[in-house]
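Take these sequences, add in the hints, and give me the full structure.
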Amino acid sequence: MVLQTAAKTVFMYLVIIASMRLMGKRQIGQLQPFEFALAIMISDLAIMPLTDDSKNLFHDLVPIIVLVVCQVLLSYLSIRGVRIRELICGKPTLLIRHGKLLEKNMRKEMYTINDLMEQLRFNSIQNVGDVEYGILETNGQLSVLLKSEKRPATPEDLGINPPREEFSRDVIIDGKLIGRTLEKLHLKREWLDEALKEHGVNDYRQVFYAYIDSNMKMHLQKKGEFLE
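Residues are numbered in our numbering as their position in the sequence shown, beginning at 1, plus a constant of 94.
What the hints contain is simulated information worked out from the structure, not anything from laboratory work.
Please note: incorrect hints may appear among the correct ones.
[Stated by the list, open to error] Ranges of calculated distance between the beta carbons of each label pair, as one might list FRET restraints:
| hint | residue 1 | residue 2 | range |
| --- | --- | --- | --- |
| 1 | THR206 | HIS293 | 17 to 23 Å |
| 2 | ASN199 | ILE134 | 25 to 31 Å |
| 3 | THR206 | ALA101 | 46 to 52 Å |
| 4 | HIS153 | GLY269 | 45 to 51 Å |
| 5 | LYS185 | TYR107 | 32 to 38 Å |
| 6 | TYR227 | HIS293 | 31 to 37 Å |
| 7 | GLU260 | ALA101 | 43 to 49 Å |
| 8 | SER218 | VAL160 | 39 to 45 Å |
| 9 | GLY234 | ALA101 | 37 to 43 Å |
| 10 | ASN221 | HIS153 | 55 to 61 Å |
| 11 | GLN235 | THR99 | 36 to 42 Å |
| 12 | PRO249 | ILE134 | 23 to 29 Å |
| 13 | ASP307 | LEU195 | 39 to 45 Å |
[Said to hold, decoys possible] Cut-off 25 Å, straight-line C-alpha distance, at most; resulting in silico cross-link-like pairs (BS3-like, lysine-lysine):
| hint | residue 1 | residue 2 |
| --- | --- | --- |
| 14 | LYS311 | LYS278 |
| 15 | LYS291 | LYS316 |
| 16 | LYS244 | LYS194 |
| 17 | LYS241 | LYS198 |
| 18 | LYS291 | LYS317 |
| 19 | LYS270 | LYS282 |
| 20 | LYS185 | LYS270 |
| 21 | LYS185 | LYS202 |
| 22 | LYS311 | LYS270 |
| 23 | LYS244 | LYS282 |
| 24 | LYS282 | LYS316 |
| 25 | LYS311 | LYS282 |
| 26 | LYS270 | LYS316 |
| 27 | LYS194 | LYS241 |
| 28 | LYS317 | LYS270 |
| 29 | LYS198 | LYS185 |
| 30 | LYS291 | LYS270 |
| 31 | LYS291 | LYS278 |
| 32 | LYS291 | LYS311 |
Every residue gets a Cβ at the ideal spot worked out from N, C-alpha and C, and that includes glycine.
So, in structure tokens, the structure goes:
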């Protein structure tokens, strides 16, 4: 009985993971309301067969499959048309314009001043007057555009044309070589071995973390080098 329950638990856990993957790579805060509701429903449905041994496990999969299919269909429809997307997900709402709060829109969205100030602080903004536009997105997050005189200066503002940045690439993680990184960068192990020797390392197992930056320079941290 115990083993059967454990097996059912693992199976339903994998079903939930697969369902969430089908919903796309989004964080909880980025889910649309219908997606969040769907995630809760799937979780509740997955628990039911674990608490009632009399139920057929595969029969309980039917509503989960139906919900996932509905979600995929709604997502597809929202991608295909703007009006359908607005109907399903809603439209963004302007809450701040030229540093002034739009009371009517805030009441419509049941959004308090405290909620607004909290979101501004999350964006490292202390004064409403510094904001040109503040938009409440359909997922509940506040997007903020600062006034031009309050925005940080960019290289373009300063007339500078810096070289294009690329992603850094992990090459060793906890003593394990990431071979695909060398393949993508068209590097040989001899190059890596020489770079490690420059840091006094002769064995991959001595490395806690190493990566290659956009300038093809390797950076590393040895195991035990910084414990706190």
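Verification of the supplied hints:
no.: 1; hint: THR206 - HIS293: 17 to 23 Å; in the structure: 54 Å, violated
no.: 2; hint: ASN199 - ILE134: 25 to 31 Å; in the structure: 28 Å, holds
no.: 3; hint: THR206 - ALA101: 46 to 52 Å; in the structure: 48 Å, holds
no.: 4; hint: HIS153 - GLY269: 45 to 51 Å; in the structure: 47 Å, holds
no.: 5; hint: LYS185 - TYR107: 32 to 38 Å; in the structure: 37 Å, holds
no.: 6; hint: TYR227 - HIS293: 31 to 37 Å; in the structure: 48 Å, violated
no.: 7; hint: GLU260 - ALA101: 43 to 49 Å; in the structure: 46 Å, holds
no.: 8; hint: SER218 - VAL160: 39 to 45 Å; in the structure: 44 Å, holds
no.: 9; hint: GLY234 - ALA101: 37 to 43 Å; in the structure: 38 Å, holds
no.: 10; hint: ASN221 - HIS153: 55 to 61 Å; in the structure: 58 Å, holds
no.: 11; hint: GLN235 - THR99: 36 to 42 Å; in the structure: 40 Å, holds
no.: 12; hint: PRO249 - ILE134: 23 to 29 Å; in the structure: 45 Å, violated
no.: 13; hint: ASP307 - LEU195: 39 to 45 Å; in the structure: 44 Å, holds
no.: 14; hint: LYS311 - LYS278; in the structure: 15 Å, holds
no.: 15; hint: LYS291 - LYS316; in the structure: 12 Å, holds
no.: 16; hint: LYS244 - LYS194; in the structure: 16 Å, holds
no.: 17; hint: LYS241 - LYS198; in the structure: 22 Å, holds
no.: 18; hint: LYS291 - LYS317; in the structure: 15 Å, holds
no.: 19; hint: LYS270 - LYS282; in the structure: 16 Å, holds
no.: 20; hint: LYS185 - LYS270; in the structure: 47 Å, violated
no.: 21; hint: LYS185 - LYS202; in the structure: 13 Å, holds
no.: 22; hint: LYS311 - LYS270; in the structure: 19 Å, holds
no.: 23; hint: LYS244 - LYS282; in the structure: 47 Å, violated
no.: 24; hint: LYS282 - LYS316; in the structure: 21 Å, holds
no.: 25; hint: LYS311 - LYS282; in the structure: 14 Å, holds
no.: 26; hint: LYS270 - LYS316; in the structure: 13 Å, holds
no.: 27; hint: LYS194 - LYS241; in the structure: 12 Å, holds
no.: 28; hint: LYS317 - LYS270; in the structure: 12 Å, holds
no.: 29; hint: LYS198 - LYS185; in the structure: 16 Å, holds
no.: 30; hint: LYS291 - LYS270; in the structure: 17 Å, holds
no.: 31; hint: LYS291 - LYS278; in the structure: 22 Å, holds
no.: 32; hint: LYS291 - LYS311; in the structure: 14 Å, holds
Checked against the numbered hints given earlier, the structure breaks hints 1, 6, 12, 20 and 23 and satisfies all the rest.
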